[in-house]
Amino acid sequence: MISPDPWVWLSAILTMCSFSLLYGDNKFFRFAEHTFTAVVIGHNVVMGVFTLKDRFYPLYAGQKLLLIIPLVLGIMVIFMIWRKYAWLAAIPMAIMIGVSQGITVRALINTDVMGNVKAVISEGASIFVGNPADGVGTLIRVAFTITAVFYFLFTFTFKSTTSRPLEYFRTFGKYVLLIFIGIYVGNQSMQNSMLATSAINRLVRNWLGFG
Amino acid sequence: MKIPELQARHVWAIVLIGYLIPAFIPLGMSPVISSATQTVYDTIQALPPNSIVMCGGGGVFAFDLESSAGLIAALKQMSKLNVKVVFYPMWIETMQFSKYCVDSARVDEKYGGPWKYGRDYVILPYIPGNEVGLVSFLNDVKKTVSTDYAGTPISQLPIMDSLNNYKDISLWICAQWDGVTILRYVTGEYGIKVMWFAQSSAYSAFGPYMQVYPGKIYITNGALGGAQYEKLNGIKGLGHAALDSNVVFTLMFIGFLVLGNLTMLYGNKKVEK
Amino acid sequence: MSTMDSISRFVRTRITRIVIVITLLSAVAGYFFSSPEINNLNAELNLWNMNIITFTLFIGLITIYFSYSKSVSQRSTNWPFRLYALVLIIVWIVMGLYSGLYSDMYQTAFLSTKITLHIAILGQLIFFYLSAMYRTFRVKTLRTGILVIFALAMVVLNSPITLSNWSAADQISYWLLNNPGMGGARAVVLASGVGGVVLALRILMGLEKGALRATGG
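Chains as they are written, first to last, in our numbering: chain U, 1 to 211; chain A, 212 to 484; chain C, 485 to 701.
Fair warning: there could be bad hints in the mix.
Calculated lysine-lysine pairs in the DSS-like style (CA-CA distance at most 25 Å, straight line) [claimed, not checked]: (1) U:118 / A:427; (2) A:353 / A:404; (3) A:291 / A:447; (4) U:174 / C:554; (5) A:353 / A:378; (6) A:321 / A:354; (7) U:84 / C:554; (8) U:64 / U:118; (9) C:624 / A:213; (10) A:321 / A:447; (11) U:53 / A:354; (12) A:287 / A:404; (13) A:354 / U:64; (14) A:353 / U:118; (15) U:53 / U:64; (16) A:353 / A:447; (17) U:53 / A:353; (18) C:624 / U:27; (19) A:321 / A:353; (20) U:64 / A:353; (21) A:287 / A:447; (22) A:442 / A:427; (23) A:327 / A:287; (24) A:327 / A:353.
The following label-pair restraints were derived from C-beta to C-beta distances [to be verified]: (25) U:2 / C:616: 48 to 58 Å; (26) A:261 / C:655: 56 to 66 Å; (27) A:291 / C:567: 45 to 55 Å; (28) U:136 / C:528: 31 to 41 Å; (29) A:366 / C:691: 44 to 54 Å; (30) U:165 / C:624: 27 to 37 Å; (31) A:375 / C:592: 46 to 56 Å; (32) C:582 / U:208: 50 to 60 Å; (33) C:528 / U:134: 45 to 55 Å.
Rather than coming from a laboratory, the hints here were simulated on the basis of the structure.
Idealized CB from N, CA, C, for every residue including glycine.
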């Protein structure tokens, strides 16, 4: 039985307006598109107001007057919209960029680079240790990682006596990346499939009451 | 024999019909439990009483919907254990996602569940800055957040009395797209175990982190992992609904792949404009 | 050059570079070296960063307001929809501030509009995915063949119908993900990690001016 809930009806209408893009660009899709934009902007503002109340609570409560500085810097960052006064936003932007880059780079060094290098080295040392079946998997993992990294980092050509074998190395790395992309595409399509399921279920089950 | 090239609209029509079938007629597929999902379940089940579990990350709600199946089942599981849960919203939609999961799990006392807000679970407000906020929180909770989502000072919430920094956190559960930030800092810098109910594509892309920190990170695979977790907890939710359409999707995938290659082999030379 | 221009140039070139060096190095040094003073500075800068970022949530509103109101006043293409969007923004803000972010009303409205639309927009991709796949996944070369085989393997081996009829499918799927797939994934993570470190070094040395130059002047 069709749902009497007005929110379910709104949800169904917006879903159908969005899917109408498959037929071609039309006014219904434009309506859905602008609704989306408006709600995102509105939500950002509402979230911003409540977050400001939380972030500057110690200032309101008189516990930490130093927060006046980030308050002023935050107001300065809004000036990035106006070309004439955009330079005012440079200092708070510099703080945002510097702090976030500093925090990010230490994790990149620690986890992404050194962590993976250590994992490859320790796996390389354990290829011939333990179960041969696991050893084959480990060998594949190590060899594929090294060749794929080689492809990423050394994709320039040069003429020398070693260029031929290195070219084979690079080509193998390219195929390793194709394997990864194939696996990723398979998984990504399952993810999008789930989203399509959710959208269609909202129409068929929540709105029309089937299933 | 010549096989004509299908137009895009024909393909879309077939896809739409394909997805409508399981929506109208549930196929009743049942998930098969994988070792990764079982490990996540056992890890949560083995949590000592009064453990503090953080649930959070940064993500877009629409993407996180895929992994919400696992998180909702995990919340139901944790409501039966004597653990405390603190939700940590790292992106602007995560607070709404946390509320969605809590309401869907029906663990709050207003739905007849065992949890009381403030005593058993707390939802923090949006903490901006992504990894910056996360590091600040893990170093000093009270300095980073002063109130909960509703503006209540955290000094008035019993659960926050025993949460001062990363040392008080037993486990971190992430059901968001940006689980990588959680892995890098929560496990990488502070050594806390992370259970990530990841999206399907995230598993294939970020699996290396499980090798970097073996035994500390476990990742489940998308909606299918969520369905498996639901089965372990004896519930049927979004994960199970996704299984039926996944079967149809697989058949369509194979069908279009075979048809496309047969068209290439036997098709006419005209190319659709 | 006027005084304002000189000041703006000085701020955008000299001051920002000093700020970036202090903030970036305090975050890195605080982690790799044991120094309570640097840790305290870093902790304070983290809080300032979080508070400043909150203000950026309002920039979208101001930008959209200027863009859409100009479009409405000039009666350009789609101006009725833009007027509708401007009105909806105001209605939404009033509703949100009145009811609160965690209220059932706000949550229902949010789920019924934004989330529904986002899911529908992203879910539509599967149509384009499958039609693109029909056209492009044609095994003409070894490269395409590899791509197709592994994509197909992932989809088939993770399918519930395969898993329930063939117990080894789960193990094979995980083996593919954790061995051949892991090699490529690890390479991507490593290479992007190296790229991220290089970017941070370039920012530190003042070679990356992008975001700060974009402030105009």
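Do the hints match the structure? See the list:
Using a Cα cut-off of 25 Å, the hinted pair residue 118 (chain U) and residue 427 (chain A) holds, with the two alpha carbons roughly 16 Å apart. Distance check on the hinted pair: residue 353 (chain A) and residue 404 (chain A) sit about 22 Å apart at the alpha-carbon level, within 25 Å; holds. As the CA atoms of residue 291 (chain A) and residue 447 (chain A) are separated by approximately 18 Å, the hinted pair is consistent with the 25 Å bound. Restraint check for residue 174 (chain U) and residue 554 (chain C): not satisfied, since their Cα atoms lie roughly 49 Å apart, outside the 25 Å limit.
With a CA separation close to 14 Å, the supplied pair residue 353 (chain A) and residue 378 (chain A) stays within the 25 Å bound. Restraint check for residue 321 (chain A) and residue 354 (chain A): the C-alpha separation of about 31 Å exceeds 25 Å, so the hint is violated. Of the pairs offered as hints, the one joining residue 84 (chain U) and residue 554 (chain C) holds, with about 19 Å between alpha carbons and a cut-off of 25 Å not exceeded. In summary, the hint linking residue 64 (chain U) to residue 118 (chain U) is not supported, as the alpha carbons are separated by about 44 Å, beyond the 25 Å threshold.
Of the supplied pair hints, the one linking residue 624 (chain C) and residue 213 (chain A) holds, its CA atoms being roughly 18 Å apart against a limit of 25 Å. For the suggested pair residue 321 (chain A) and residue 447 (chain A), the alpha carbons sit about 21 Å apart, so the restraint of at most 25 Å is met. Taking the CA atoms of residue 53 (chain U) and residue 354 (chain A), the gap is about 15 Å. The hint holds against a cut of 25 Å. Proposed proximity of residue 287 (chain A) and residue 404 (chain A) is supported: the alpha carbons are some 20 Å apart, at most 25 Å.
Of the supplied pair hints, the one linking residue 354 (chain A) and residue 64 (chain U) holds, its CA atoms being roughly 11 Å apart against a limit of 25 Å. At most 25 Å may separate the alpha-carbon atoms for a hinted pair to count; residue 353 (chain A) and residue 118 (chain U) exceed this at roughly 35 Å. Between residue 53 (chain U) and residue 64 (chain U), the direct Cα distance comes to roughly 14 Å. Compliance with the 25 Å bound is thereby established for this hinted pair. Straight-line distance between C-alpha atoms of residue 353 (chain A) and residue 447 (chain A) comes to about 38 Å, which puts the hinted pair past the 25 Å bound.
Taking the CA atoms of residue 53 (chain U) and residue 353 (chain A), the gap is near 16 Å; set against the 25 Å cutoff, the hint holds. For the proposed pair residue 624 (chain C) and residue 27 (chain U), the alpha carbon gap of about 41 Å is over 25 Å, so the pair is violated. Between residue 321 (chain A) and residue 353 (chain A) the alpha-carbon distance is near 28 Å, which puts this suggested pair outside the 25 Å criterion. Between the alpha carbons of residue 64 (chain U) and residue 353 (chain A) the distance comes to roughly 13 Å, so the proposed pair stays at or under 25 Å and holds.
Taking the CA atoms of residue 287 (chain A) and residue 447 (chain A), the gap is about 12 Å. The hint holds against a cut of 25 Å. Restraint check for residue 442 (chain A) and residue 427 (chain A): satisfied, since their Cα atoms lie roughly 24 Å apart, inside the 25 Å limit. Restraint check for residue 327 (chain A) and residue 287 (chain A): satisfied, since their Cα atoms lie roughly 14 Å apart, inside the 25 Å limit. Of the pairs offered as hints, the one joining residue 327 (chain A) and residue 353 (chain A) holds, with about 22 Å between alpha carbons and a cut-off of 25 Å not exceeded.
At about 35 Å, the beta-carbon gap between residue 2 (chain U) and residue 616 (chain C) misses the expected band of 48 to 58 Å. With their beta carbons about 37 Å apart, residue 261 (chain A) and residue 655 (chain C) fall outside the hinted range of 56 to 66 Å. The beta-carbon spacing between residue 291 (chain A) and residue 567 (chain C), approximately 52 Å, falls within the hinted interval of 45 to 55 Å. Taking 31 to 41 Å as the suggested C-beta distance range, the pair residue 136 (chain U) and residue 528 (chain C) does not conform, at roughly 52 Å.
Separation of residue 366 (chain A) from residue 691 (chain C) is about 46 Å and conforms to the stated range, judged on CB atoms against 44 to 54 Å. Checked against the given bound of 27 to 37 Å, the beta carbons of residue 165 (chain U) and residue 624 (chain C), roughly 28 Å apart, stay inside it. Between residue 375 (chain A) and residue 592 (chain C), the C-beta spacing of about 36 Å breaks the proposed range 46 to 56 Å. As the Cβ distance of residue 582 (chain C) to residue 208 (chain U) is approximately 33 Å, the hint placing it in 50 to 60 Å is violated.
The hint said 45 to 55 Å for the Cβ distance between residue 528 (chain C) and residue 134 (chain U), and at roughly 49 Å that hint holds.
Violated hints for the displayed structure, listed by number in ascending order: 4, 6, 8, 14, 16, 18, 19, 25, 26, 28, 31 and 32.
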